[in-house]
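Position one of the sequence shown corresponds to residue 1 (full-length UniProt numbering), numbered consecutively onward.
These are calculated hints, taken from the structure and not from any lab test. Just so you know, these numbers come straight off a predicted model, no measurement behind them. What you were told as hints is all true, and nothing was included just to trick you.
The calculated PhoX-like cross-link candidates involving lysine-lysine, where the alpha carbons are at most 25 Å apart (straight line), are: (1) 244 x 187; (2) 231 x 244; (3) 83 x 328; (4) 83 x 54; (5) 328 x 340; (6) 231 x 328; (7) 434 x 340; (8) 428 x 340; (9) 77 x 54; (10) 187 x 231; (11) 77 x 328.
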Amino acid sequence: MGGVNRKRVKESSVGSLSPSKRRRKALSRRRKGTLQLGLHGGEDVVEIKDGGEKRVVVCPADRHWPQFECPFAIWDKLFPFQKEGVRFLWQRWREGSGALLADEMGLGKTIQTTAFLISLHVSGILRSTLARSTHAGVGGDTGPGGVLIICPATLVQQWEQEILSWGGVDCGLRITGWATGSTVEEKRESAEEMSECSGILVVSFEAYRRYCGDILFDYVWSICVLDEAQKIRNPDSGITQRVKRMNTPHRIALSGSPIQNSLRELWSICDFVAPGRLGSLPTFEEELATPIERGTRPNASPTATTAAYRCAVVVRDLTMPLIIRRLKADVQDILALPRKSEQVLFCHLAPEQFEVYCEVLSNVRCTTGSSIQRRYGHRRDERGKTSLPPESLFYLGILRRICNHPDMLLYPGVEADGGYGSEQRSGKLSVLLKARRRSHCLLD
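Make a model of the complete structure from these sequences and hints.
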């Protein structure tokens, strides 16, 4: 990063110091053996390179917070928008609020969070009393606490590897995940250890659901990171309610799709990040979500459209401080990615696959078609919206699995002609393998 960029240094930030004070300040920096990138108002930056450990001062100290530093080896590898994400997480931390990192998939939400956590550690903030100060009515003054990361089971090992590869252990940050076969006592010991040493504990959603009350709630956590936060988009689900009971002052949610169907989902995630900011769910739906939904219908009146716009502005203003979202199109030039071309392939069912599909479909029509209509009619939920009966969803799931591969319906131990998962019995798998031989990337 070179030496001092003298053209970008304000006279007020350097000239106001006497020569002796400037010498003492420079000597102090050299003793630290760090590269300090201090922000002295606006775009003014001071760079000092030394022979020891290199760090970047993302934000200088003030009377409330110590200096927030990031190891230079990490900071130098981040894209500009990822550095902005780390600054955003720190800003939300300083203001005592949670954050929703909602970048599009593939832009490095895990990397930005990893860089932020390592920076908190090397800055000495995780182990300080500042990490456990009560913010926004969440958390308590009961110990330094650790970092709890909740993610899908398939990502537990990935989180551990990510923090290892970015040098977290080299900086002295400890991390562990709950192994699948570990006992309850082993889980308790690792939770206690990570909480006391301000380390990182990675658990799956299922493990959290099972052990939050018996183990995790017994220890102090200064930060709770929720990966794939759309898992709590349903405010009424058990996992959502358990996650929101976590007594921690700082909450970070990661999701590339925070809204999939309705504003209820956004409310649920934001209520985890910043409890109470959007009010109660009934109030939010009555005063904001419902008017927006009515005003965006094709046949909406001008009055409803105007009301929807005003409510949308309110939602935007309330959530904007909590959310940062970048799309791949926004950073296309920075990433230098090749232009993506998409081609939709229609996959016909294989003969045996088609036969199984028709057999199941005819059986569904005979056994459930009329009975479902008699039992449920036009079923509506508590909000007055039409919903499918449970039987319909069950059989839709079966038909979908057949479309992927009929062997997915076989009982365990049942042999299939040509071997389990043969491409001869799945049109989709046959097309997939042909495309893979041509080095194409496919999404289902």
